[in-house]
Amino acid sequence: MKLMASIFACVLAAAAASAHAAGDYGVCAHLTRDEPAYPTCALAQQMGAGWIRSDFDWRALERTPGDWDFSRYDRIVAACEAAGLQMLPILYEPPKWAYPAYEHLEAWGDFVQRVVSRYGKRLPVLEIWNEPNINPFWKDPNPTNYLAVLRKAHEVVKGNDPALQVALGGMAGVPLDFIEELYRLGGAQYFDIMNVHPYTNQREPEGRVDAWLDQLKSLMAKYGDAAKPVWITEMGWPSQKIRINDAEVLRAGLAAARPEMETWRALYVPAETDGLADAVQAVREALPPGSSVEACLGPRLAARLAQGGVDVVIHPFTEDYPADGMEALEAFVKAGGVFVDFGGMPLFNAYRMDGQGHAYPDAKADNAQNRARLRIREMAWWLDARYPAGATVRPAGAMEGFAPTNKTYAASRFLTPALLKEDDVFIPLLSAQGKDVELVAAAVYKFNSDYKGAVIVNTRVEWTSGASSEERQARMTARALGIFAAERVEKVFWYEFASKETDAWGVHSHYGIVHANFAPKPAFGAYKTFIEHRPAGSVQKPVRWKDRSGRIYYPQWTRPDGKEAGLVWTVGPSGERWLDFSSSQVVFHNVQGLRVFPKRDGTKYLVPLSGSPLYFTGGSLRENAFGD
81 MKLMASIFAC VLAAAAASAH AAGDYGVCAH LTRDEPAYPT CALAQQMGAG
131 WIRSDFDWRA LERTPGDWDF SRYDRIVAAC EAAGLQMLPI LYEPPKWAYP
181 AYEHLEAWGD FVQRVVSRYG KRLPVLEIWN EPNINPFWKD PNPTNYLAVL
231 RKAHEVVKGN DPALQVALGG MAGVPLDFIE ELYRLGGAQY FDIMNVHPYT
281 NQREPEGRVD AWLDQLKSLM AKYGDAAKPV WITEMGWPSQ KIRINDAEVL
331 RAGLAAARPE METWRALYVP AETDGLADAV QAVREALPPG SSVEACLGPR
381 LAARLAQGGV DVVIHPFTED YPADGMEALE AFVKAGGVFV DFGGMPLFNA
431 YRMDGQGHAY PDAKADNAQN RARLRIREMA WWLDARYPAG ATVRPAGAME
481 GFAPTNKTYA ASRFLTPALL KEDDVFIPLL SAQGKDVELV AAAVYKFNSD
531 YKGAVIVNTR VEWTSGASSE ERQARMTARA LGIFAAERVE KVFWYEFASK
581 ETDAWGVHSH YGIVHANFAP KPAFGAYKTF IEHRPAGSVQ KPVRWKDRSG
631 RIYYPQWTRP DGKEAGLVWT VGPSGERWLD FSSSQVVFHN VQGLRVFPKR
681 DGTKYLVPLS GSPLYFTGGS LRENAFGD
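Per the numbering used here, the very first residue in the sequence shown carries number 81; after that it's consecutive.
Everything labelled a hint here was simulated from the structure, so no lab data went into it.
It cannot be assumed that every hint is accurate.
Claimed, not checked - Simulated crosslink set (DMTMM-like; lysine to aspartate or glutamate; CA at most 20 Å straight-line): (1) Lys-684 with Asp-641; (2) Lys-232 with Glu-183; (3) Lys-308 with Glu-342; (4) Lys-308 with Glu-567; (5) Lys-297 with Asp-272; (6) Lys-176 with Asp-154; (7) Lys-176 with Glu-115; (8) Lys-308 with Glu-260; (9) Lys-302 with Asp-257; (10) Lys-219 with Asp-135; (11) Lys-321 with Glu-365; (12) Lys-580 with Glu-612; (13) Lys-308 with Glu-328; (14) Lys-621 with Glu-703; (15) Lys-219 with Asp-272; (16) Lys-580 with Asp-114; (17) Lys-201 with Glu-260; (18) Lys-232 with Glu-186.
Claimed, not checked - Label-pair restraints from in silico Cβ distances: (19) Asp-149 with Pro-216: 18 to 28 Å; (20) Asp-220 with Leu-674: 47 to 57 Å; (21) Ala-158 with Arg-380: 22 to 32 Å; (22) Asp-446 with Ala-243: 50 to 60 Å; (23) Pro-622 with Arg-198: 41 to 51 Å; (24) Ala-386 with Arg-364: 50 to 60 Å; (25) Leu-674 with Pro-653: 43 to 53 Å; (26) Pro-653 with Asp-149: 53 to 63 Å; (27) Asp-641 with Pro-242: 26 to 36 Å; (28) Leu-185 with Ala-243: 22 to 32 Å; (29) Glu-374 with Glu-703: 22 to 32 Å.
Cβ atoms here follow ideal geometry from the backbone N, Cα and C, with glycine treated the same way.
Please build the complete structure, drawing on both the sequences and the hints.
In structure tokens:
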């Protein structure tokens, strides 16, 4: 604690002597709610961040009409300024008496006016709402209604000072349809900065984030808005512990599928090798006592099932699934085996593995066909009575601790008896309240026809989480930042700064790059290292930055000091590779800023390529470095 206090004191002293100019990087924090400003500002400044994004809740500032209290917000803005940080306020969260905001535009405009007139150029950019395209941040998301709020805010902001900038409310994901409708309605004139939150739900960013940003830029160009800067005001990865959530549901499903089984020989098919030992242990703990668990990568699934000795195959707890071995898995279930998928939307995103434990998206996979192999169908509602008269549909029994709730997102459209045959049984395990009806969130398909096995599916997304770790969080931080740099994203705000850590297994409790006690995590070091190697003012080099296979990434830039720099990593097999650079004086560092010393032959270096990026400074990769 003394060390942390010394760090804070030194940082604040430095900030007082010379203010840190706002740069290209920021962090998300809840300073106006519950997060203490002192350690957050101090550590953010130490890391090299120039911005802090925080909530400006209307409901906290005007609890009753006309009763304004800015005292806490004044202190927060001043704390950021003392640390040389620029605040990005999110204007949203109306009080109950002014909800929804689009029906109280006069009051909303008054709120914006009070913020702008009070702080002026101290808040040069104002973000209008957070993720207005999804519930719960906007009930019944609608571009027309959001545009009314955005237009009013823009009118007030520019009426006070045309130099102030309006950022579009950061969109959850990259919702092209929602954004295009804003454009069709003439929304381009009411914001200065495009803003998205391209989370990948713990899946690797490669092939996803870059594709989304390319599509977004094409859309902006279509409406003559290509010159507008793109900001990412939220992006992050969690580092929560690993478990099979709803273990009670799993055990109930297994008992319903094979009541005669007391123990199980399970085959776990991981999405990646990160955290594999913890994941296997989590599966073991969720199964009945005495059961065994063996891990098997997707490419080996068919061969392993051919050997026999497997009772149940369990997929990873995400919406990704291994495309390899689907025919073998179908045959396994036909012959009497049990298949388990607790990933939210079952068999939704196919991936393949390269044999080294690295997964990459399989864009050619037919997900619908693979679901059909196991009698799972998308856009099917089990309440529609479209199943054979001879099939049995048992009612969902009440399970302790799993009461129906309207806050549960269940992808229940995948669960239906419609594909069952006579003598098959559909056994609902868990119910969830939908918009108008009670839906099935988890179920067993118990086959007694041409298939002899069973399929157990849990689609409740909130209660499902994938494997993660602090080390993986650090790697993904560096990789995502590298992609953003290559895509010329102007500013990035990492979500979030401090972890809540109120739930050991809860995803949202572990997004922070520092712990709840503000001790830095490896992701803190990774972000700091990236900023050091690509400081504000760096210019992206207009050259290829990934190989044609989409498995090797190598964005490069020129720093303000004139040095050429970049980073390189692979989502394919790891291993050393000779790479030719423009200089024999290249210096290499890992994601934590530690020096790496590869062998050199002139301007060629034997570079260790892996999923953990490697920085290089003092030279650039020659064209066709990867043979394409």
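Outcome of the hint check:
Distance restraint check for Lys-684 and Asp-641: the Cα-Cα separation of roughly 24 Å exceeds the 20 Å cut-off, and the hinted pair is therefore not satisfied. A threshold of 20 Å between alpha carbons decides the hint, and for Lys-232 with Glu-183 the separation of about 12 Å falls inside it, so the pair holds. A distance of roughly 62 Å separates the Cα atoms of Lys-308 and Glu-342; the hinted pair therefore is violated under the 20 Å criterion. Between Lys-308 and Glu-567 the alpha-carbon distance is near 14 Å, which keeps this suggested pair within the 20 Å criterion.
Annotation: proposed proximity of Lys-297 to Asp-272 holds, straight-line Cα distance about 15 Å (limit 20 Å). Taken as a hint, the Lys-176 and Asp-154 pair is broken in the structure, with Cα atoms around 23 Å apart against an allowance of 20 Å. Taken as a hint, the Lys-176 and Glu-115 pair is broken in the structure, with Cα atoms around 24 Å apart against an allowance of 20 Å. Annotation: proposed proximity of Lys-308 to Glu-260 holds, straight-line Cα distance about 15 Å (limit 20 Å).
Restraint check: the Cα-Cα separation between Lys-302 and Asp-257 comes to about 13 Å, which is no more than 20 Å; the hinted pair holds. Between Lys-219 and Asp-135 the CA atoms are separated by roughly 19 Å; this keeps the pair inside 20 Å, and the hint holds. Restraint check for Lys-321 and Glu-365: satisfied, since their Cα atoms lie roughly 14 Å apart, inside the 20 Å limit. Of the pairs offered as hints, the one joining Lys-580 and Glu-612 is violated, with about 27 Å between alpha carbons and a cut-off of 20 Å exceeded.
A threshold of 20 Å between alpha carbons decides the hint, and for Lys-308 with Glu-328 the separation of about 50 Å lies outside it, so the pair is violated. For a cut-off of 20 Å, the pair hint linking Lys-621 to Glu-703 stands: about 12 Å separates their Cα positions. Pair hint Lys-219 plus Asp-272 does not hold up; C-alpha atoms about 25 Å apart against a cutoff of 20 Å. Simply put, Lys-580 and Asp-114 have alpha-carbon atoms about 10 Å apart, close enough for the 20 Å limit, and the pair holds.
Restraint check: the Cα-Cα separation between Lys-201 and Glu-260 comes to about 31 Å, which exceeds 20 Å; the hinted pair is violated. About 9 Å separates the Cα atoms of Lys-232 and Glu-186, which keeps this hinted pair within 20 Å; it holds. Range check, Asp-149 to Pro-216: Cβ separation about 25 Å, and the 18 to 28 Å hint holds. Between Asp-220 and Leu-674, the C-beta spacing of about 50 Å keeps the proposed range 47 to 57 Å intact.
At about 59 Å, the beta-carbon gap between Ala-158 and Arg-380 misses the expected band of 22 to 32 Å. Against the hinted window of 50 to 60 Å, the Cβ-Cβ separation of Asp-446 and Ala-243 comes to about 53 Å, which satisfies the hint. The hint said 41 to 51 Å for the Cβ distance between Pro-622 and Arg-198, and at roughly 43 Å that hint holds. Roughly 24 Å separates the CB atoms of Ala-386 and Arg-364, a value that falls outside the hinted 50 to 60 Å.
The beta-carbon spacing between Leu-674 and Pro-653, approximately 23 Å, falls outside the hinted interval of 43 to 53 Å. Under the hint 53 to 63 Å, the C-beta atoms of Pro-653 and Asp-149, about 58 Å apart, fit the expected range. One distance hint, 26 to 36 Å for the beta-carbon pair Asp-641 and Pro-242, holds here, with the actual separation near 35 Å. Checked against the hint of 22 to 32 Å, the pair Leu-185 and Ala-243 passes, with Cβ atoms roughly 24 Å apart.
For Glu-374 and Glu-703, the Cβ-Cβ distance of about 46 Å falls outside the hinted range of 22 to 32 Å, so the restraint is violated.
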